Amino acid sequence: MVLATSDRKLQLLGAADLQVVASVDLPAAATAGPWVVGKRVLVETGQNQLVCLDPAENLKVLWTAKTNGQSVAGAPLSVEGRLLVAFDDGRVVVVNSADGQFGRSVELGQPVALGPRVYGKKILVSSIDGTLYRIESLLAAETASGGE
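Residues in the sequence shown are numbered from 1092 upward in steps of one, following the numbering used here.
Some hints here could point you the wrong way.
Said to hold, decoys possible - Cut-off 30 Å, straight-line C-alpha distance, at most; resulting in silico cross-link-like pairs (DSSO-like, lysine-lysine):
id	residue 1	residue 2
1	Lys1100	Lys1151
2	Lys1212	Lys1100
3	Lys1213	Lys1100
4	Lys1130	Lys1157
5	Lys1157	Lys1213
6	Lys1100	Lys1130
7	Lys1212	Lys1151
8	Lys1130	Lys1151
As the list claims (entries may be wrong) - Each pair of labels, with its calculated beta carbon distance range:
id	residue 1	residue 2	range
9	Ser1162	Leu1215	13 to 21 Å
10	Leu1104	Gly1129	36 to 44 Å
11	Lys1212	Gln1192	20 to 28 Å
Read the hints as simulated data drawn from the structure, not as lab findings.
Nothing here was measured: the structure is a model prediction, and the numbers come from that model.
Beta carbons: idealized from backbone N, C-alpha and C, even for Gly.
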């Protein structure tokens, strides 16, 4: 279990006893997350950056990425070594999980309520009015253009 504290720390708790196994200072207060995504932990800090940490390495920071003041909308999704990250302004971005570089993106035209989710072979994002958007083509386009 991973949790963010009010004093700008991220803590990894042991599953058996819920004791703190690792703790790290965040660059700013956590404003969304934390989320366990694959073998990584992601947390938004200060409403302006996404931080990726490795729980196997005592929450070592692997990378940070600027979000330009937009908040992450729901848990990111790991697909084929890449992350799909939805932002509250309606943008969904492919993020390289190794270095945090932003790749292709799509603008949905309205705010996002829930982050990307897999339903069968479809990847869907929900807007605040309940509209579901299929976004798996974003990954196909990223692969075709050579991006990772």
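Comparing the hints with the structure gives:
{"no.": "1", "hint": "Lys1100 with Lys1151", "result": "holds, 13 Å"}
{"no.": "2", "hint": "Lys1212 with Lys1100", "result": "violated, 37 Å"}
{"no.": "3", "hint": "Lys1213 with Lys1100", "result": "violated, 36 Å"}
{"no.": "4", "hint": "Lys1130 with Lys1157", "result": "holds, 21 Å"}
{"no.": "5", "hint": "Lys1157 with Lys1213", "result": "holds, 28 Å"}
{"no.": "6", "hint": "Lys1100 with Lys1130", "result": "holds, 20 Å"}
{"no.": "7", "hint": "Lys1212 with Lys1151", "result": "violated, 33 Å"}
{"no.": "8", "hint": "Lys1130 with Lys1151", "result": "holds, 12 Å"}
{"no.": "9", "hint": "Ser1162 with Leu1215: 13 to 21 Å", "result": "holds, 20 Å"}
{"no.": "10", "hint": "Leu1104 with Gly1129: 36 to 44 Å", "result": "violated, 19 Å"}
{"no.": "11", "hint": "Lys1212 with Gln1192: 20 to 28 Å", "result": "holds, 26 Å"}
Hints 2, 3, 7 and 10 from the earlier list are contradicted by this structure; the remaining hints agree with it.
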